[in-house]
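There are 2 protein chains.
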Amino acid sequence: MMAEKYYPMWKTLGIDIEKHNQLLNILTQYYTSVYLSQKNRPKKMDYFDFVVSEIHGLRIQELEESRRAGKKVVGAFCLYAPEELAYAADATMVGLCGGADFSIPDADAVLPRTLCPLIKSFYGFRLNRTCPYFQSSDLVVGETTCDGKKKVYELLNELIPTYVLEIPHKPDTKQGKDFWFKELEAFKAELEKLTGNKITADKLKASIELVNNKRKALKRLSDLRAKSPTPISGLDALLIMQISFNDDVKRFTAKVNELCDELEERVSKGEGVAIKDAPKLMISGCPMAIPNWKLHSIAENLGASVLVEESCVGTRYFTDLVEPKGESVDDLLWAIVEKYSKIPCACFTPNDARIERVTELAKQFNVEGVIYYTLQNCHDYNVEAIKVDRTVKVLGLPMLKIETDYAMGDSEQIKTRVEAFLEIIREKKQ
Amino acid sequence: MMAEKYYPMWKTLGIDIEKHNQLLNILTQYYTSVYLSQKNRPKKMDYFDFVVSEIHGLRIQELEESRRAGKKVVGAFCLYAPEELAYAADATMVGLCGGADFSIPDADAVLPRTLCPLIKSFYGFRLNRTCPYFQSSDLVVGETTCDGKKKVYELLNELIPTYVLEIPHKPDTKQGKDFWFKELEAFKAELEKLTGNKITADKLKASIELVNNKRKALKRLSDLRAKSPTPISGLDALLIMQISFNDDVKRFTAKVNELCDELEERVSKGEGVAIKDAPKLMISGCPMAIPNWKLHSIAENLGASVLVEESCVGTRYFTDLVEPKGESVDDLLWAIVEKYSKIPCACFTPNDARIERVTELAKQFNVEGVIYYTLQNCHDYNVEAIKVDRTVKVLGLPMLKIETDYAMGDSEQIKTRVEAFLEIIREKKQ
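Chains A and B, in that order, are what the protein sequence lines are.
Under numbering that gives the first Met the number 0, the first sequence has 299 at position 300, and the numbering climbs by one with no breaks.
Under numbering that gives the first Met the number 0, the second sequence has 173 at position 174, and the numbering climbs by one with no breaks.
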C-alpha cells in the first residue's frame, strides 16, 4: 500500500500519522514474514493478501465514502454484536482493532496491567488513534460478555459513543432468552435512532440472508480444510476469518466461494499444503484478532497442520445460521436470539455446547491433538480449559494449554512446548 | 474453643480433622494478635469474640441441630444471594469460607493461578474439607457477578449442589429488572423444592422484616462510627460485619444493638478508641471475608482510624432496606429486586450509584483519605478504581490503591505504602 495517498483521509479521521506509520511498518514486515513465506498457497489468496495490504487504506476509503453518502459505521468486538440488525439499518458493521501488542503501552498508562491483552489493545488503539476503524465508527457496540470488556467499555464511552448490549450468561433459560430479545429490541431502537432508518421485516430478512451467505461460505471453507491432504494452511484460513469482520460482506462472500472452488479442485487432484503426516491440530479458545498469528505461525512452522479453530474467529461464527420461523420483525429477532444463544462462548455457564462442539470437531477433522489457547487473565477461557481438557482426554487426544499475550517475549518458550507436543503426537502415530 | 469436643460432629460432616486443626491454630493465633491486642475495646465485643472462637464449633452445632429438625442450610458468597427468600423457606443462609490463604494451595492444583484469591480460597476450602459451613450446606447459591466465580461455580457444582442465580449487569433497564424478578421466582421455586416449604407472602414479609432489622442495626453501628472520637475500631466493626453472614440473624441483631447502646454511652462521654488526630479513612472496594483483616490491621496499627467500608462487607449490605409497596408475593419479590439493584457492586455497568455512594460516605464520615482495596485479578474492581480515583480527587482527598491477595508476603510493602499515605494526610492537616 502506498500509505502517503491516504494521509489526507487519515488526518481528517484524526489518525496519529507518525505513530500509524510505525504500526504499518511493523504489520507489513510481520505479514511478509508470516504469510508470504508460505509455500504452495492457493492462487485465490491474492485477494485476501490485497485486502490485508489495504486494510487501513482502501477499505477505510470505502467506509468513508459510504459515510459521506449518509451511511453509518458501527464498530464491534464480538460475535454477539448482532450485525444483521446493523445491516438492516443500512449501517456497516466492522471489527475494531484489538489484536496487536503495539497499542498496549498506551493502555497500560490507564488500565490495570492484569487485564487481557485484547482489552488493553483495543483501548490503547482508541487512545493512541492508530486504528482507522475506530476513527470511522459512528457508534461502538459492546457487550457484557466478560468483566474486563464490560468495565473498559465505560472508559471507552468517554472517547467514543459506546452502546453496551447485555448478554445473558445462562444460555438456556426462558427468562434469559426473553431478556435477550428485549435487549435486541433496545439495540434495534438505538440503531434506528443512529441511522434514521427503520428496521423493517423485509430489510431484516435481507440482512439475515446476506450474513447467512457469508457464514455458509466460511463453513464451506472450513469443511474443505477437513479433506486429506488439507488444501489450505491454517494460517491462511485464520486470516480469511479475521478479514471477515472488516471486508464488505457481499464481496467477501463471493471471494471466499471463489477460493473454495479452487480448493475443491485441489482436493480433487489430491493437492495439499501440509507436509506428509503433519500432526493435525485443532486450536480451541480465545479469539485471535488481526494480526494475532502467533500460535498458528509457531505450530505450522514446526510442521503441524492447523485444521480448525474452535473460536469466535473460527467455527463459533459460522456453524449455525439464523433460521427464522416466520416473517415478522419479532420472528426474525427471535431467530437471531436462537442462533446467537448457540454461540458457545465461555461467558456462558454452563457452556455444555462448547464441550459438544469440541467433540464433534475433533471427529470431523480427525485431529490428533488440541492446543487450548487462552489470553492471559481471561478468566472465562482459563477456567473452561479444565472441562475442555477432560473432554479431549476422553477422546484419547493430547491437549496443550497455551496462555499468552500479544508480545513475542514468550515465543521461544511456546515453540519449545509446541515442539514437545508435536513429538508426543508423532510418537503416538508410530 | 475446646476443639476435641466437636471432633465427632466434624467427622460426620467429612471434615479433614488434622488439616482443620492446623487452620484453627493459625486462626486463633492470628485473631489473638490482631484483635485481642487492641486497647479500650467496647465490653460488648465479648460476644463477637466468643462467636469467632466458636465459629467452627457451636455455630455449626446449631446448624446441624436445625438440620436434624428438618431445616435446610443454604451457603452463599454474595449480597445478591437473596437471604430473605431462604429464611422465608425456613432455611438458614450462611456465608461460606473464602477469606483465607490457607486453602489456596489446594485450589492451585486445579484452578488457574491468575484467579482472585477469594475464588481460589473458597474452591480450596471445599476441596480440602476444612470449612464446616460448606460441609453443612444442603445447597450453595452462586451468582453471575463475575467471570471467575461464575466459571468456578461449574466446578464447585461437581463437589456440592450449586445453584447459580443470574444477575443482570446493567442495573437500571426495565428488561433487566424483569429478568431479575424471573430469576428470583426461579430461585424461590428451587428453595421450595429443596425445603418442601412454600414461600408465602406472610413468611416473606416476616423474613424481610427479620433481615431489615439486621441491616438497621448494622446501619446504626455504622453511623456511630462517624462520631468524633469514633467509639469503635475499624477492625472490630469489620469483624461484626463479617460475622453477620454466619451468626443467627435474630441473636446477632440484638447483640449489635446492645453494642450500639454501649457505643452511644461512649459517644456521650466523648470516649473513643483512636489516637488523637488519627487520619480518618474510608476503605472502598472488594469484600473482606473472615479472616481477611490484613489492610485494616496494617492501617490501624499505623495510627489510622478506619471509619467506613464501602464494600459488600460494609455499607453495600445495609444502606438500603427492602421496602415492599404491597402485600402479595410478587410485590415482595419486586421489593427485593429494587433493593438488590441498589447494591453498587462493580459488576454493574455503569455503576454510577457507587460513585455517588463514595461521595456521600466521604462527607458523612468526614474522611481524610480513601484506600481503594482490590483483590488481585479482580477485573471489575480493578478497572472501577479509575472512576473512584477521579471522584475522590474531586473531593480533594488523596487515594491509595492497594491490590493484594491473602498472603502475608506483601505486608511490609503495603505497610510502607500506607505509612507514606498517612504522612500525606498528616501533612495536609498541618
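These are calculated hints, taken from the structure and not from any lab test.
Among the clues, some could well be false.
Claimed, not checked - With a straight-line Cα cutoff of 30 Å, these simulated BS3-like cross-link-like pairs (lysine-lysine) come out: (1) A/Lys173 with B/Lys192; (2) A/Lys173 with A/Lys197; (3) A/Lys169 with B/Lys176; (4) A/Lys386 with A/Lys341; (5) B/Lys202 with B/Lys71; (6) A/Lys169 with B/Lys197; (7) A/Lys181 with B/Lys341; (8) B/Lys192 with B/Lys218; (9) A/Lys341 with B/Lys202; (10) B/Lys324 with B/Lys197; (11) B/Lys324 with A/Lys176; (12) A/Lys202 with B/Lys173; (13) B/Lys341 with B/Lys169; (14) A/Lys181 with B/Lys169; (15) B/Lys341 with B/Lys215; (16) B/Lys428 with A/Lys173; (17) B/Lys181 with A/Lys169; (18) B/Lys362 with A/Lys176; (19) B/Lys176 with B/Lys428; (20) B/Lys362 with B/Lys428; (21) A/Lys169 with B/Lys341.
Unchecked claim - To give an idea of the interface, some chain B residues facing chain A are shown, with a C-beta separation under 8 Å as derived from the structure: (22) Val109; (23) Asp409; (24) Ser410.
To be verified - So, partial list: chain B residues that the calculated Cβ filter (under 10 Å) puts toward chain A: (25) Ser32; (26) Asp146; (27) Gln363.
Keep in mind that this is a model prediction, so the values were computed, not measured.
Cβ atoms here follow ideal geometry from the backbone N, Cα and C, with glycine treated the same way.
Hints versus structure:
1. For the hint linking A/Lys173 to B/Lys192, the alpha-carbon distance of about 19 Å falls within 30 Å, and the restraint holds.
2. Taking the CA atoms of A/Lys173 and A/Lys197, the gap is near 28 Å; set against the 30 Å cutoff, the hint holds.
3. About 16 Å separates the Cα atoms of A/Lys169 and B/Lys176, which keeps this hinted pair within 30 Å; it holds.
4. Between A/Lys386 and A/Lys341 the alpha-carbon distance is near 18 Å, which keeps this suggested pair within the 30 Å criterion.
5. This hinted pair checks out: B/Lys202 and B/Lys71 have alpha carbons roughly 16 Å apart, not beyond 30 Å.
6. Simply put, A/Lys169 and B/Lys197 have alpha-carbon atoms about 26 Å apart, close enough for the 30 Å limit, and the pair holds.
7. Note on A/Lys181 and B/Lys341: the hinted pairing holds, with a Cα-Cα distance of about 22 Å set against a maximum of 30 Å.
8. Restraint check: the Cα-Cα separation between B/Lys192 and B/Lys218 comes to about 34 Å, which exceeds 30 Å; the hinted pair is violated.
9. The hinted pair formed by A/Lys341 and B/Lys202 fails the criterion: a straight-line CA distance of about 40 Å is larger than 30 Å.
10. Between B/Lys324 and B/Lys197 the alpha-carbon distance is near 22 Å, which keeps this suggested pair within the 30 Å criterion.
11. Between the alpha carbons of B/Lys324 and A/Lys176 the distance comes to roughly 28 Å, so the proposed pair stays at or under 30 Å and holds.
12. Between A/Lys202 and B/Lys173, the direct Cα distance comes to roughly 27 Å. Compliance with the 30 Å bound is thereby established for this hinted pair.
13. The straight-line distance between the Cα atoms of B/Lys341 and B/Lys169 is roughly 11 Å, inside the 30 Å bound, and the hint therefore holds.
14. Proximity of A/Lys181 to B/Lys169 is assessed by CA-CA distance (about 13 Å); at most 30 Å being required, the pair is judged to hold.
15. Restraint check for B/Lys341 and B/Lys215: the C-alpha separation of about 16 Å stays at or below 30 Å, so the hint holds.
16. This hinted pair does not check out: B/Lys428 and A/Lys173 have alpha carbons roughly 58 Å apart, beyond 30 Å.
17. Using a Cα cut-off of 30 Å, the hinted pair B/Lys181 and A/Lys169 holds, with the two alpha carbons roughly 13 Å apart.
18. Annotation: proposed proximity of B/Lys362 to A/Lys176 is violated, straight-line Cα distance about 43 Å (limit 30 Å).
19. Simply put, B/Lys176 and B/Lys428 have alpha-carbon atoms about 46 Å apart, too far for the 30 Å limit, and the pair is violated.
20. Restraint check for B/Lys362 and B/Lys428: the C-alpha separation of about 17 Å stays at or below 30 Å, so the hint holds.
21. Taking the CA atoms of A/Lys169 and B/Lys341, the gap is near 23 Å; set against the 30 Å cutoff, the hint holds.
22. Below 8 Å, beta-carbon pairs count as interface contacts, and B/Val109 has one with chain A at about 7 Å; its hint therefore holds.
23. The beta carbon of B/Asp409 comes no nearer than 15 Å to any beta carbon in chain A, farther than 8 Å, and the hint placing it at the interface is violated.
24. With its C-beta approaching chain A no nearer than about 20 Å, B/Ser410 sits outside the 8 Å limit, and its interface hint is violated.
25. Nearest Cβ of chain A to the Cβ of B/Ser32: about 31 Å, over the 10 Å cut. The hint is violated.
26. Because the closest C-beta pair between B/Asp146 and chain A is about 4 Å apart, less than 10 Å, the hint holds.
27. With a cut of 10 Å, the hint placing B/Gln363 at the interface with chain A is violated, because the nearest CB-to-CB distance is about 26 Å.
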